[in-house]
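Here is how the chains run, residue by residue.
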Amino acid sequence: MNLRYVFKELTHQKRRTVISVLGLSIGIALFVILNVLSLAYREAARAPLKEVGADITVQRPGNVPQELTGAVFPCSAVTISEEEIEDIKAIPGIRGMGKAVLLWIFDPNRAWIVLGIEQNNPVGPSILKNFIMEGRYLETGKPEALVEAAYARQFSIRLGDNVNVAGRPYPVVGLIDASHASKIAVANLYLPLSEAQAIAAASKNLQSVSPFAGEDVNLLFIRADQDRITAVAAAIKGILGEKATVATPESFLKLLGSLFALSDKFTLAASIIAMIIAILIAFKTMAGNVAERAREIGVMKAVGWTHRNVTMQLLAESVIQGFAAGLLGLLIALAAAFALGFMTVNIPIPWEMSPTPHFLPGGGDPLFKTLRLPVHIPLSLAAFALLLSVIIGGLTGALLGRHISKIKPSEVLRHE
Amino acid sequence: MSLVVAEDITKDYRVGEMIVPALRGISFEIEPASFVSFVGPSGSGKTTLLNLIGCLDAPTSGRMTVAGADVGALDRKEGAAFRGANIGFIFQDFNLLPVLTAYENIEYPLLMVQNIPVEERRRRVTALLEAVGMADQAGKRPDQLSGGQKQRVAIARALVTSPKVVLADEPTANLDSKTAHTVVELMKKMRDELQTTFIFSTHDQKLVDEVEILFRLEDGLLASRGNGEG
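Those protein sequences? They're chains D and U, same order as listed.
So the first sequence is numbered by the working numbering: it starts at 1 and just counts up by one.
So the second sequence is numbered by the working numbering: it starts at 1 and just counts up by one.
Among these hints, one or two may not hold up.
Said to hold, decoys possible - Pulled from the structure, derived: some chain U residues nowhere near chain D, Cβ distances all over 12 Å: (1) G16; (2) E17; (3) I19; (4) G25; (5) E31; (6) A33; (7) T179; (8) Q205; (9) K206; (10) L221; (11) S224; (12) R225; (13) G226; (14) N227.
Unchecked claim - Here are the computed lysine to aspartate or glutamate pairs in the EDC-like style, where the Cα-Cα straight-line distance is at most 20 Å: (15) K369/D with D177/D; (16) K164/U with E78/U; (17) K406/D with E78/U; (18) K14/D with D143/U; (19) K408/D with D93/U; (20) K408/D with E78/U; (21) K369/D with E51/D; (22) K140/U with E296/D.
What the hints assert, rightly or not - Each pair of labels, with its calculated beta carbon distance range: (23) K178/U with I391/D: 51 to 59 Å; (24) A383/D with L194/U: 52 to 60 Å; (25) A294/D with K178/U: 28 to 36 Å; (26) L340/D with D143/U: 45 to 53 Å; (27) V18/D with A58/U: 36 to 44 Å.
Because the hints were derived from the structure by calculation, they are not lab data.
Don't be surprised by glycine CBs; every beta carbon is placed ideally from N, CA and C.
Make a model of the complete structure from these sequences and hints.
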């Protein structure tokens, strides 16, 4: 094998080389784009949960009292007991847990959506601290409140005011614009978790349908090992029952209903089809080239080339074409990824995770998390695609080389 | 000692269910540094015989010895090595590699088959380019050369490995008579300078007139052996 001869052959048959490289590169580009899209949708599906620093959220549906007075739980989130929380904590693969209590409080002159949060737990709604518009965030151990800015405007609540919630006064220490923070785990009043737990425990109306003890909650935020999220979710359902709402990136992906989000199997099948088309194009053009060179190869064999020399020559030519196709395919994929990055995706938030009562204005509206499709080509995928292209080129060349090396010079060199 | 010895050579080809005999018991000897031609009508077995001498094919029966080696008994790899070291080929259609220049076409058997160092390659190729009168065309590709020039390059390519035998199958068939004469003269000159044996197949009467030993083939049999006029 001689590299100068290899390059001369490739540049001499420009049209064939270009078709072969282009054909394979389109297959590689399709393969990369399909996988990138799949990854992007997966990444997008993580967004609603990522905003609250979690991989999984857990709720349990239940009943709402007939009479909506005082503090009640939404029907989508009733008591998760302390014992159950301990059992969940013990599931392998869980790396962190946040707790919250979501309440609807119907006071005589006002309705509140209240979220009791762990102020300093990075797993859960503590991300809110980054969205304070005025005042400050909740301090540990103090019975104080944050109010959603829009709600505060609507009801003329100001910083420093005392708000009376379920008969308890709370000074307003901050106004917050949570609409930019998250679509789940939002409310119009935020209290320390212990305060919300105390309100829930003291509510007879709530206790009548969903017994609640001091350390119980009704929302869990869980961070888990990425490769064990599905297993962890299944284990949680095992503890809380099949009716429990366990939201994972996978469940959001299903809600997306996108063609690319249907399943791994679709991406795999589409990738395989793309690669088969690429292989066929490369094989056809390379085979045409080799067939045209039968006489040339006959001459080579006549002057002393062995089967191995012929195979190595064609292998080198096809590996170089494969490498070039891989690079070109990545460039095409990069351009496509750039264009796809301008696409927006609306991730539907299930009604169970919407904190607003459906009977209040806007409560029944479908809720979406809208974001730019987070498209990027991971280095590992790029390297794999390049390697795949080289392997396809190499295999094609080796196969054709093996076939053509068997020709008899005495047959191909006969006069025409 | 004879360079080529053929002993009762037969060669059959299978065409479908039929066995077609191409050579039917041929024996001859060729001495080193000879200028020999096999002549005969189409289908008489000339090309088959050259293929057997050139180790491109094996006889059905009989024994073909070239430079002391029983070429019919060599396996594929040994055959390739034997051809690379001992045999040069000149073809009717020149069969130069279209992507390489005249220089590179002559050089590649040294580079790709014998792996000769660059300085030695340059020396040999340059000497042969001058010997065949193509030194000033070294950088041209085959499609930029005339038929006669291509055949000169092919002769240089056949000789560059210093083979013991050069086999030329109808080397002047695609050339006009003047160019054919020049090419034959060139081959003779190279035979004289390098003591290489040239064996042709031809039915070109002008070439027949130039050869020193003439074997006439008819229907796969050696009809006569005679001295040419060359």
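Hints and how they fare:
no.	hint	in the structure
1	G16	holds, 16 Å
2	E17	holds, 20 Å
3	I19	holds, 17 Å
4	G25	holds, 20 Å
5	E31	holds, 24 Å
6	A33	holds, 22 Å
7	T179	holds, 18 Å
8	Q205	holds, 18 Å
9	K206	holds, 19 Å
10	L221	holds, 21 Å
11	S224	holds, 24 Å
12	R225	holds, 24 Å
13	G226	holds, 26 Å
14	N227	holds, 28 Å
15	K369/D with D177/D	holds, 16 Å
16	K164/U with E78/U	holds, 17 Å
17	K406/D with E78/U	holds, 15 Å
18	K14/D with D143/U	holds, 16 Å
19	K408/D with D93/U	holds, 17 Å
20	K408/D with E78/U	holds, 15 Å
21	K369/D with E51/D	holds, 11 Å
22	K140/U with E296/D	holds, 18 Å
23	K178/U with I391/D: 51 to 59 Å	holds, 55 Å
24	A383/D with L194/U: 52 to 60 Å	holds, 55 Å
25	A294/D with K178/U: 28 to 36 Å	holds, 33 Å
26	L340/D with D143/U: 45 to 53 Å	holds, 46 Å
27	V18/D with A58/U: 36 to 44 Å	holds, 42 Å
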